[in-house]
Amino acid sequence: MTTEANTAVEEQEAKPLTTEEAKERALARYKVERDYFTENREAAKLMVEIGPEWQLQVQLLDIMLDAKEVIIDCVENDKPFIAGYFCNAPELFHAMDLPWYMIMETPFLAASAPYLEGDTDASVEIGMSQDLCTAIRLPIYYIETGQMPLPTVAIGLLTPCDGTPMLEQVIQHNSAWKDVPIYSCDPPYTSDERAVNYYAEELHRMADHITEHTKHTYSVDRLREVCEESNKTYSLWQEYNELRRNVPCPHGWEIGGAQAFAISQCFVAGDPRCTAWFEKLLEVGEERVAKGIGAIDRPDWEEKIRIFWFDIMPYGWVFEFMPWMEEEFGAVVVMDMFGNFPYTMIDTTSEETMYHSLAKRNLLDAPMIRQARGTAENFAGDIRRIVEDYKIDVVVWPGHMGHKDGAATVGIMRDTCRDLGVPFLHVGLDLYDKRYTSVEEVKEQTADFFRGMGLA
Amino acid sequence: METNIESEAYQTFVEATQTLNNTELKNWKRDGGKVVGYFCSTVPEEVFTAAGLAPFRMRATGSTNTELSDACFSNINCSFPRHAMNLALEGEFDFLDGMVCLNSCDHVRRIYDNWIRNLDTHFVKVMSLPRKVEQPQIEWYDDEIKILIKDVEESFDVEITQEKLNDAIKLHNEVRELQKEVFRLRTVENPPLNGVEALNVIVAGTAIPKARYKVLLEQFLKDMEGVKGKGGHRVRVMIVGGELDDPEFINVIENEGALVVTDSTCFGTRLFWRPVSESYDDPVTALANYYIFDRPSCPRMTGDQERRMDFTLEMAKEFKVDGVIGERLLFCDQWSVEHYMNNNDLKKAGIPFLQIDREYILSGKGQLSTRVQAFIETLEGKGIKYEEVV
Ligand code: SF4
Ligand code: SF4
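Going down the list, the sequences are from chains E and G.
Under my numbering, the first residue of the first sequence carries the number 63, and numbering increases by one thereafter.
Under my numbering, the first residue of the second sequence carries the number 6, and numbering increases by one thereafter.
Just to be clear, a hint being listed does not mean it is correct.
List of simulated lysine-lysine pairs, PhoX-like, C-alpha gap at most 25 Å [said to hold, decoys possible]: (1) G/Lys352 x E/Lys294; (2) G/Lys322 x G/Lys219; (3) G/Lys387 x E/Lys240.
Label-pair restraints from in silico Cβ distances [what the hints assert, rightly or not]: (4) G/Gly388 x E/Glu255: 51 to 61 Å; (5) G/Lys151 x E/Pro385: 48 to 58 Å; (6) G/Pro141 x E/Val94: 36 to 46 Å; (7) E/Glu502 x G/Lys390: 50 to 60 Å; (8) E/Glu255 x G/Glu311: 47 to 57 Å; (9) G/Gln140 x E/Glu450: 17 to 27 Å.
Hints were generated in silico from the structure; no laboratory data involved.
Just so you know, these numbers come straight off a predicted model, no measurement behind them.
For each residue, glycine too, the CB sits at the ideal point set by N, CA and C.
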């Protein structure tokens, strides 16, 4: 714990911001992030000629930016909105007509932003331990320094790791956020029917909490409409994933899991814009498969190693690493942790069946929650399924410094891969901060591994 | 570690703390008794006592390396489960007839997964502990305890009746009351026992069959009657943290002149400061309420930080501490953020706070001494006016 850090916090507490000041400060940062995405969108627009995938990126950024504008409008005009997470059944927020932003949006979606490194360092300066997940440290830093929009209601997340409940407790502890009513669904460790029913009740209580504090509610018909739309999205996603079984895989790391996750779970769950995006993705994928085009569309290139990247993409330094793997080794990320989960369809028969399915999808399916919330069998089972379904040659466990439950599952993952006869690579890095293990080191480790395994 | 306590009971406690399979446990097993190990103080050990089993709180005392468990864990995992698993793989826990784990943290919960894949213990189970402290969570845990009871009954061919559970709760509460008595000896200016000795007493209570421990504890309290108070310390401190079962850590602090007079740790007051209520009709309801809500919680329980801080302040006031030392095992996310909040809250209350990150097997004693010494210097002569802060 550095002295400077404590001084920083004390200084801030010595001059508490007025509500108006806090609002302005949070809004200013939020706008900086919006501008960052706007620049990204403009850059993506210039690439549209290269391929329709860029059009998909532009559409995704349009949706993200719209969502940001809506939040800005809510803050500026005192309209109710939620700060929450993806696996809190966002279909319910949508059915209630409540905009929301994700508390961990910055590390998840803006990990390449130029301000990320500085903010990561500042999180340590206010007193966070360096061994705490960067994705947790950043939102804590933003909350503690008044840089996150104060919502009408907060919906917390108590899974999949020890970090998220601690982030929630900082929210409850922070003087500016203290009055924000917060609700978090309690995730059971088990995955049976009893667990799903309990989680469905927790979702009910969450919905009641939101209604109590925003006066927004939903009709069962509206919820059904949203869930049906959401089901369409998930069916399309499933169909698209079937395409990724092809050799060569039609897409690599640039498009697929992460974007599909962002769009279906973070921004427009159960919205026709989301469905339209997936329709386009499927169309683009089908076209490539029909033409036999792989992740890189170049005559002198071929897919040689099919990778299951068992985590989030390293967005902080993805451009420095993934293209290198493709170019040097023909190594293609065919599937990643966010790309494939069982996609429980929502049974829209009644309100109860919808809650039950939403509980299942959000507790048992949602990426990362699905793997890390419960026992290690969830990791092992996913490896077995994905390796077989996608003809995987190598399973990569990046070993993100925040994923301590995964770190304690490394032996089990290795054994699972050995039983399957598939090489397993464990790196040890920070998905959000390339200074933890440099890109050069990660490359070296990867190259040695591929060579050692006779894959290159 | 020197002591002026002349007590056979105390010697038994020291032996139980310094070893795993201690003499009392060996005697218990020799007489046909069975032992169930458990991780985390939120496992309702009363259930094992009611089943006629000896509950044994898992530690990694005596471990020297993690060579075997390195195949299961990574270097970003807490050293406690790594050492504990290593000992298990070395066969040091072969005296256990059962092992119960909880999803207490990201590191410990994987002990269960690695254990079932590598070891052949008769009864192994993981329980699902909620993350909140409200009524639905009490009810969830109530069911979890009922499932545990059923599983124990089946595995050990015993019947756990309500009466047996009530008796176990009563016995454990009596033990808690005696442990409180021991701790209250430390409220005076020159307490007859120091932090090292107190930790030996409490750790032993998690490793010796409860009824026997109670007898020893009563004897110990009698033996303490004539013991001279310990003077010569420069300041009184409290320890706040998690998995602290190593008296040597306290010894280093006390050698610098800080007397450890109380704590909020899970081998400390959080185990016994509050009793299980005996006013419920159903003992399982009583246990569920106790483990989820009534006992002082640890950071893994959300929505409860304010009560935890109140408990820390209550202890600090009652034991008149000059400062608080927050200990954390490296890579523990829960205590990392909790101490960040502790630091801010205690500063506001005017109570100095020092955070120490450590490994389970004590290393870097010199550095620890230096930091403690510097802390003591900032505390000396300050004096906290508790009437004003709490
Ligand atoms: S440890 Fe993993 S699951 Fe937890 S916050 Fe960090 S990235 Fe997310
Ligand atoms: S100290 Fe923290 S990480 Fe280690 S076992 Fe305890 S709760 Fe888990």
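Violated constraints from the hint list, given by number and in increasing order: The structure conflicts with hints 1, 2, 3, 8 and 9, although it agrees with all the remaining ones.
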